[in-house]
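Peer 1: In the order they appear, the protein sequences are chains A and B.
All letters in the first sequence, in the order written, are residues 1 to 519 by the UniProt record's numbering.
All letters in the second sequence, in the order written, are residues 1 to 442 by the UniProt record's numbering.
Treat the hints with caution; some may be incorrect.
Stated by the list, open to error - Using C-beta positions, here's what the derived DEER-type ranges look like: (1) K188/B <-> K198/A: 48 to 56 Å; (2) H70/B <-> G261/A: 56 to 64 Å; (3) S62/B <-> N135/A: 22 to 30 Å.
To be clear, the hints were calculated from the coordinates, so they are not data collected in a lab.
Backbone N, C-alpha and C define an ideal beta-carbon position, used for all residues, glycine too.
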Amino acid sequence: MNIDKILFNGNIITMKQESERMEAIAISGDKIVAVGKNSEILNLKSDNSELINLYKKTVLPGFFDSHLHLVSTILSNIAINCFEAESISEILELIEAKKNNMGNMPLIYGKGISDFTLKEKRFPTRREIDLVAPNVPVILSSIEFHTVIVNSYAMHLFNIPFTTNSFEKDSQNRFTGKISNRGSYIARKKMFEMISDKIYLDNLDKTMSQIIKKGITTAVTVEGGSLFHDNHADFILNNRNIFPIDVELFYSTTNTSKILGAGLPRIGGDIFLDGSFRSQNAALYEPYSDNKNSTGFLFFKRDELFEFISQSDNLRLQIAIHAVGPRAIDMLLDCYEQAMRENNTSNQRHRIEHFELPTEKQILRAKELNLVLAMHPTYELYFRGKGDMYDTRIGYERSILTNPLKDIIDKGITVAGCSDSDVLPIDTMLGIYAATNQINENARISTYEALKMYTINGAYGIFQEDIKGTIDKNKLADIIVLSSDPIVIKKEYLKDIKVLLTMKSGKILHNSLGGLRYD
Amino acid sequence: MIEFKFLGTYKIISNSVDITHKFSLKDKGLLCYILANNQYTFNREKLANMFWDNYKRESAYSNLRYTIWHLRKIFNEHENDIIIHSHGKNVIEIEEKNVQIDLREWQRLTETYISGKDNSLDILKKISNTYNGDFLKDFYIYDNLEFNDWVFNMKERLQRFYFEVQMDLAKIYSDNNEIRESINQLNKLIKIDPLNESIYYAIIKYQYKSGNKVAAVNTYRNLKLLLRKELNISPSDKIQEFYHHILKDEFKEDFVENTYIPVKNPKNTPNESEKKKITFFVSEDSICLKKFHQEIAKQARTNKEYLIDICQSPGKRINYEGIFEILDEVHDYFEHYDASRKLEYDDIVSSIKSSSSIDYYLFNNVTQIIDVYMKTAIIIRIWNFHFLDSKSTDFISFLYRNMKYNEIQIKIIVDEKWINERMNFFIESFSKENGFSQIVTI
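Take these sequences, add in the hints, and give me the full structure.
Peer 2: See the structure below:
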């Protein structure tokens, strides 16, 4: 057998067991053929083997991001980011700048706008946007996607029926440009229909480069559904062969024949059983702290949810459903349990996405059902500070119970780590930092458990643990090299660790080692 | 006489000749604003501000003057009558008697209807027929804030009233037992607002009222799929309750035994039989059934064959429901692959959905759609045959035996846990047919 590459003199964390450390890896083609001490691996070298001296740098299996939105992430690189804007004039400046630099985009898309964070405490109006961009369609989407702001040209092009009753008017009976709820969904769909696959393809390299530099070699992307567009899922399916890393699709549809026709082994992803805390539609048992009249919302009736789960389970599809609040989690657990019992299925590894505010009992039930939980530790970083979103929406006493990773992992449940890009940035080390440094100390997990979330657990989460997730013989050569050892370094510095090299199936995609060292 | 059309695509017609292309965007905008408002005189200052608000005053006036001159020039080329003239420096006037405006006709009819002077079916039909589309559809002028504000408000007002008219019209047609016409009116609204549940509720109600329960159920199920896909919601409680009422009403009737006895077709010549294949996949083991599903699912849609999938979701179907699932699948064919026959297809389906079904009429028409109108080989996949209703089962027999022109393959998955004497009889009746095969696993 010809050995193509040998990485040696490294600190290799195989992720097979916590204590296991190796020194060298031999790679042939796309596979790892041997892992061990320097001397034994170097003995395997062929005449033309590339020898890469790691100089004791730490090596890990390539990261999994187990829940992101790849197409939206591509789009966010060509969109205006309103998230950090502090005033309406800043937003208008961003629009004006983008107007002169649109490339082949047919419209200007802005994401993450929030009237809460703007100093005027309101959204920009249609007329204000018209003044800076009268002849280009402009659509700004709120953080949780339930509201959009459009200019006149976009309003004309989208032609949303007025009978949706989604349009806001001002005191002079003029349309402000703010469209909510049903109209907002329609506007977003129309926007996505205007953006061709070519635009995504033209901007794919930049996004992939960002992902690869974060050490991600498998991206589990959630596409389609009501908040996005089924075109996005089709884009992934049609371009699977050109992605430099593995892109696995969760298609957010309840249409099983679509899934079977596409040859997919899994269904769902962002099928929303409830919403989010931010939108006050995550389903709680007790009212929101800042809205005593609301306990959130369930988007399915129980029998409808069960019908979908039972059918999919019976077809042996792995199911993933979004459930944030405890009322949603309960309904989902009930349906999974009943379906698996009636269909006599057991190892489906059905998933719950988010699982943000579970009770102790719900954690135990998830364990009994052998579910996989796809969780987003980074939410704790962005939204859990004093006075921040969790605190405001659900109050202190409940917010300290969010994302209880330690409790979940101690009970033996597999947790797959996710970024939820482009809601939050793609940054696995940031996710690991978040999981180990949660504000709630009782929820913090060890660095090794956090690393598992983004390696072997990610692989397990989509039935790929036989070929990925650890550094082991006969597994794919998906390997990354880090600037520091995450096990040794102080936890507060985890987010500062850089990925120096990313290898996918034996091919080096990213290298900032300062030139590979050959010996 | 010049004719102006503002409802739908903007058009200006003189002596039956379309002269719209001769006018610039500002020309058309100004004309529309002047003609659409119910006043005969306009102040120049207001018009200048509306269309040239980002110009200096003198330039705006100058532009207005030029535009008026340009309009008169074009009109003079085509008409002997005066359309626009001025009174002094400040006022512009329209000669009403020399213009015909669809919007004015709409306003006249709607005022008559609203005032109660005439609330007959006839006037509603006239109002409906006058509305050829949304106000100034496809027409837009950049950076004319005031004008755009006015257009959006007009558009909203007209669209909302059109909705009311169509709903009223549909109700009257339904009261007169003209269900097909009733649903035609509601379908026009679906084209504008495809996620509006009140429209579907009306359709379901009228279909049910006419005795066509299966069409009502079919409409509900399509609505449910659509709302889930687009908005991630279920139909409203009101619609769901009505749907359950229909189902209760359906299943309280005595079960009607399938009396259609399939016989070997004496005209089933070897040549014809090569065109037909029917395969049953039978098992009571869920893993085997899943493998059957995967095996059948591998079939991708090609240019040579068209896939029709029915009975994918669990749940017993009411009578004829499976046939309606076939019709829904066939709809896509005419929508995407053969638009030339779509009108005929729509016509047949409309008549089916708006009347109570008589078996032979229904079976024959649907067979004709599949065998004659569709110019392609057909593959029908029945994913959960055990849930299919008895009438649709009869139809499958009928279809298989009466297809003459197109090739047909039928793939049927049967969960043996549900099998009964009737199903056994159905399978057995095909066993002597050419093209039959059966895959059974234990």
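Peer 1: Can you tell me whether the CB distance of S62/B to N135/A sits inside 22 to 30 Å?
Peer 2: For N135/A against S62/B, whose Cβ atoms are near 23 Å apart, the range 22 to 30 Å holds.
Peer 1: Evaluate the given range 56 to 64 Å for the C-beta pair formed by H70/B and G261/A.
Peer 2: Between H70/B and G261/A, where Cβ atoms are some 57 Å apart, the hint holds.
Peer 1: Confirm or reject the claim that K188/B and K198/A have a C-beta distance inside 48 to 56 Å.
Peer 2: Taking Cβ atoms as reference, K188/B and K198/A lie about 35 Å apart, which means the hint is violated.
The structure is inconsistent with hint 1 alone, although it conforms to all the rest.
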